[in-house]
Amino acid sequence: METSVYPFFQRRNTEELKIRERISRSCEKHLQYFFLAPAIVIFVLLAIYPLVYSLNLSLYNISLAVSGTGEFLGSYNYAFALTDFLCLAVGLEFILGLGISILLSNKLMKRRWVVVRSRGFFLLPTMMAPVVIGLTFRLMYHPEFGVLNYFLTQLRIISRNIVWLGEPDFALFSLVVADVWQWTPFIALVMLAGFLAVPEELHEAAEMDGASWFQSFLHITCPLSKRVILIALLIRTMDALKTFDVVYTLTRGGPGRMTELLSFFIYRQGFRYASYSYAAATSILLAIVIIGIATVLVTVLRRTMRA
Amino acid sequence: MKTHILVIVVFTLVFILSGLLVNAAEKITLTIPCLDTVWTHSLIDRMPEWKAKHPNVKIYWDLLPFETLFEKQMVDLSMGTGNYDVIFEDQPNLAQFAPYMVDITPFIEKYNTDIEDFVQPYYDYGSLYKGKRISLSIQGNALIMFYRKDLFDEAGIGTFPLSWEQVKEAAEKLTVDLDSDGEVDRYGYAMGLGLKPHMACSFFALLRSFGGEITRSYWFHGDDHTPIFNSRAGVRAIEWLKSIVPFMPIGYITYGWEEITVDLQQDRLAFALQWNDIAPAMEDVTSSKIVGKMAYAPAPRFTTTGGWFLGLNSATPHKEQAYEFAEWMTVGDKRKFALGGGSPNSYSVYLDPEFVKELPVGLNFGPAIVKALETGRPRPGDRYTCYSEMQDIIEAACQEALLGKKTPKGALDEAATEIARLLKRFGYTIPD
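So the sequence lines, in the order shown, correspond to chains Z and G.
The first sequence maps to residues 0 to 306 in numbering that gives the first Met the number 0.
The second sequence maps to residues 0 to 431 in numbering that gives the first Met the number 0.
Hint data in this document are derived by calculation from the structure and do not stem from the laboratory.
A portion of the hints provided could be inaccurate.
[Unchecked claim] Cross-link-like lysine to aspartate or glutamate pairs, in silico, EDC-like; alpha carbons within 16 Å at most:
#1 G:K404 to Z:E143
#2 G:K405 to Z:D168
#3 G:K241 to Z:E166
#4 G:K318 to G:D102
[Said to hold, decoys possible] Computed far set for chain G versus chain Z, every beta-carbon distance over 10 Å:
#5 I27
#6 L34
#7 W60
#8 L63
#9 E70
#10 V74
#11 K195
#12 K241
#13 G250
#14 E323
#15 E388
#16 D391
#17 A396
#18 T406
#19 T428
[What the hints assert, rightly or not] Residues on chain Z that point at chain G, a partial pick, calculated with CB under 8 Å:
#20 N160
#21 L164
#22 P167
#23 G209
#24 K241
#25 A273
Using N, Cα and C, we set each Cβ at its ideal position, and we do this for glycine too.
Here chain G stands alone, though its shape is the one from the complex (with noise of 0.2 Å):
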């Protein structure tokens, strides 16, 4: 009897372990941390095609949402525990991640990978850190104007492009009680005012609108990293917003693009600075009450763009197959990506005019989002590793003068003085 159980032990034991050993030979599982958005899931729809190609690379995708993602894949990767293969780099974290990130310019060489088509400069604002090239652009983003065409021609306010004293004085005209209860019913206009990072992709547009800029070394391409932005434009940028919050929705401070999108779609907004990769939201019959009436345009002079790219984490043991796997979602097939939702960084997607009108609504601005990404300009994660704490002084700073707490002026020194602080402490040269 003994004898028979010690024989069943044993075999069920050899059974399981070559299965684990077979599999652990054959098959390979690539970690992908990913937002979870439409537009990423219409990629994970496309995996029974990669499968089909690379049957032994498993793909896990890990959905996150935004702040989450950031914050998994930095500990990631400071920590260098390789959980993920495929980084999800969005375009301001370019520095912070840059360090633990593989220099792929050898891969791209070897599966000659096609990067010519990615639209620049915005494709080495996400890719390119001291000289290190190291992710492929997946999707690429500006922020511009959504605004209803039919209420601007209602109220005669002509057509974009519009300075922003003109979009204060449509904002104005837009805002209206439409049923006399003494509550507004539509505002005029919005734009993100949220902390992190809402508030500082629209400060930035509007600083570099009214002729500003972050640090000195903008201008100068120098080593002079001094902040700049509480000179006279990066006040008149917030006295601008102070001045047109009477005519945003009453909870300004905290919107994001969720809030955003939503009070577009439910007809409580008449325009709106977004990212041109939430159109088809006001085209979806479900949930939205303005399908078919809503227009888009660059924004007034300045934009702020942002987006996707895809790198290898340095302590990946699977870099070929994680660097396959990120050409195949980039350079691969970009326009059945568009067709999905996407908003691929490309110029032959964008400049084809036929496949263009084939492109889902709010999606099809064709060379209008091309010149968005090549005249746009990134909020400066690019080239400094704390940028994101860069991010939270002066979001917290924006909204304290916007909540009248502090004066523009001394928000906005305030902030210079301890990102200047900030920057020595990161090594940066900052002349006295």
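Okay, chain Z solo, but in the shape it has when bound (with noise of 0.2 Å):
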């Protein structure tokens, strides 16, 4: 029988050895946890938890909140501000970032170099914090010392000075007009990464079998573009369900109530009256209406990609 020392030390450092592995691939699965553990907790706490209070808290007052007299989203009018806002809003960003996008694609214009270096500007407006944006804009909309009103008077496009925040006519345009300067650029860019993903041999092909660039847009480009179409449409929709900057800077939901969306009103509710449950009750169900609207929209693109 053997009995050499060496073996044995030989066998006690491969166990050392295995043990050594054993915990080295423990701690490495352990540690990956470790450094997730910052940000789940970060996620929970700022994520998570108000979730969960704010559904505890609605549970008290959901029933005021869907009363059904008229006490349903406060008012109808907060309705139908959301729904003029929501329809202008995204609406006018998809058709100004639909143009921007054409432009910005020298793919499907001629190469210009002027639009091509000024892909980064266009970029600015989404940039800014959007409080900047709305003080900036309340400062344009001054009725008597602002720039729109001197510029449309010196154009002759306007006769008198315009109080783009105290009527009734404009009011709400002028929120719009805000959100439209701020959001566009977002529309086109999303919209550019999907012209520019459709390959270009489609264009040549389509090209040379005579089709113009507008046929060639519509018949190849739209088509294979859509769901990229489809997904902008859908954060600007879930996003402008939420404005709150430009409402507070600009008019804080005057004049009257004629532009206070529900946002304005859920703030309304919690920081001027306290009324927390019922400003939760409100956000959950504000919740709900935009989690129906993004499922419709999912489900059509969806059906997009299945075919």
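Hints are included, so try docking the two chains, each in its own frame, into the full complex.
Listed below in structure tokens is the structure:
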């Protein structure tokens, strides 16, 4: 029987190695959780906890929010203002965004070096803080000293100074303009990504077959970019339903309640009247509406992807 | 080596901990939310005096704009977090804040605070809620007429007091196109008609002047809180406002105190209903074009009063120190406060003719301010916990009526119905 010490040490070292390897693997496995932990904790504290707390709070007053006696969402005014704002803002952003993305996509137009080099410039509005935009537009909308009235009267487009934020016919539109100015570049950017993803060979083939630019855009680019367009619409619709910044900085919901969107109503209930449960209930309802709209759009998106 | 490092680390920790403990034992920090305005800055400038008397009580001022001040305090009080020790209470927020504030009657007795010098009933309107005294008055304000005496004399208009009808006639006369270019260069009159809380202040002054009231409980002092502002007086108030719109600046519907101040300073407005403590801005040579030309008079018939009060957060752990500070700010040296541009709520300041002469122009009305505070009426925030919501409903209705979206009667009726429902929800009695 060999009684060599050396093999004993070898066996011992091997066993130690195995133990160390096991410990190392275990540590690695648990180390990933250790690095993930801060992110998970923050997510739970900032997202999950408030959601659960709001749900709990809303249960105390959900009946008040859906009483159906005109107290649903506070007043029908909010629903109308929100619908008008949604259709105008998202609609305009879509149309303008489409136009800008076509301009920026030098595959579809003849190469324009100015346009190509100014892509970054178009993103500036989206990068600015919404409060800054709101305050800037507030100055521009000033009825007597604002640049908007000045240029429009100089160009004889209007005959008198308009109170953009105070007249019922213009107040909501003024909000829409500020919102469109900020978010159109985002829509344009998303659509541009979709247009540039279309293989160039298809356009070349169409061109060789005698198709015009418009025919190529309509029958090749649009169908292939449908998913991207839907995603852009989905994101902007959900965002528009939650619009608060421009309302707060520009009109505070006035004149009267003509520009009071639902998010501003929730803020009023919570922070001015301290009706936290009512605000929570209404915000849950708003979340349900947003989820509903998002579900419809996602369903359409899925069908497009399957096709 | 390792031992050395260990010694250094332990020593550093002990050093830091001892510093913290010593600080914690010795110093108390009171957090005071405060409106960011000229007269509050004059209060802050007096901090060295406080520090000399109370070296262990540090004051942290949280300067905030008007709306944010209310919201942050409301959240802090209703959540019971106790971030703020002293509460900077605006008079119409009395009923909303009172449930979360300390009854200071024992402190008043203990420190023998002189509350007799506060003008009554104005002081009660901002500090007494259901028999509970919750604050001391730091400032007394009333809406008064700021008018250009030189323009009034030039146009041959009589001096105040004028009736509201005479105010309208004066506004028409004083709306002028100075350079004949077809555009008005100076408007006759303005009053706050923007939201939160300008429209409410103006509407209540007019409503009461025309013989109306907000709810029945004001007239009969009973438990009937039926809204009655949609009466003939309320309609007349809105109709009066509509009739004077042609003589108001463009953008009148968004006008607040700041806009009115700037227009007066820039000679774009002949007269306006404005808070008395803004008067020094008219004499500010760095920004005003009309220095020495502005005169002041009580509003026709009834005015709206308002002002600031200091109370104690019931969640503060430093009630004694907080009360000492509030008392020092309000009762201590009101004359110094007045000289710094403040408008203290005080008989002794305004009824001393020699001292009144020393006050900044615009605050040297003396007995006129006392009269305005005695006879003026507050916004109903002293009795309704849901006043913020009531104010928003009334303001929205008034604006919609002014802009022609609804008739005055229709808008006020709808608002009255909504407010009746609101008051019932909050437990106020409204007989069927």
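Going down the list of hints, with the structure as the test:
| no. | hint | in the structure |
| --- | --- | --- |
| 1 | G:K404 to Z:E143 | 24 Å, violated |
| 2 | G:K405 to Z:D168 | 14 Å, holds |
| 3 | G:K241 to Z:E166 | 14 Å, holds |
| 4 | G:K318 to G:D102 | 11 Å, holds |
| 5 | I27 | 28 Å, holds |
| 6 | L34 | 17 Å, holds |
| 7 | W60 | 22 Å, holds |
| 8 | L63 | 13 Å, holds |
| 9 | E70 | 5 Å, violated |
| 10 | V74 | 7 Å, violated |
| 11 | K195 | 7 Å, violated |
| 12 | K241 | 14 Å, holds |
| 13 | G250 | 4 Å, violated |
| 14 | E323 | 29 Å, holds |
| 15 | E388 | 5 Å, violated |
| 16 | D391 | 7 Å, violated |
| 17 | A396 | 7 Å, violated |
| 18 | T406 | 14 Å, holds |
| 19 | T428 | 20 Å, holds |
| 20 | N160 | 5 Å, holds |
| 21 | L164 | 6 Å, holds |
| 22 | P167 | 5 Å, holds |
| 23 | G209 | 57 Å, violated |
| 24 | K241 | 19 Å, violated |
| 25 | A273 | 4 Å, holds |
Of the numbered hints stated above, those contradicted by the structure are hints 1, 9, 10, 11, 13, 15, 16, 17, 23 and 24, listed in ascending order.
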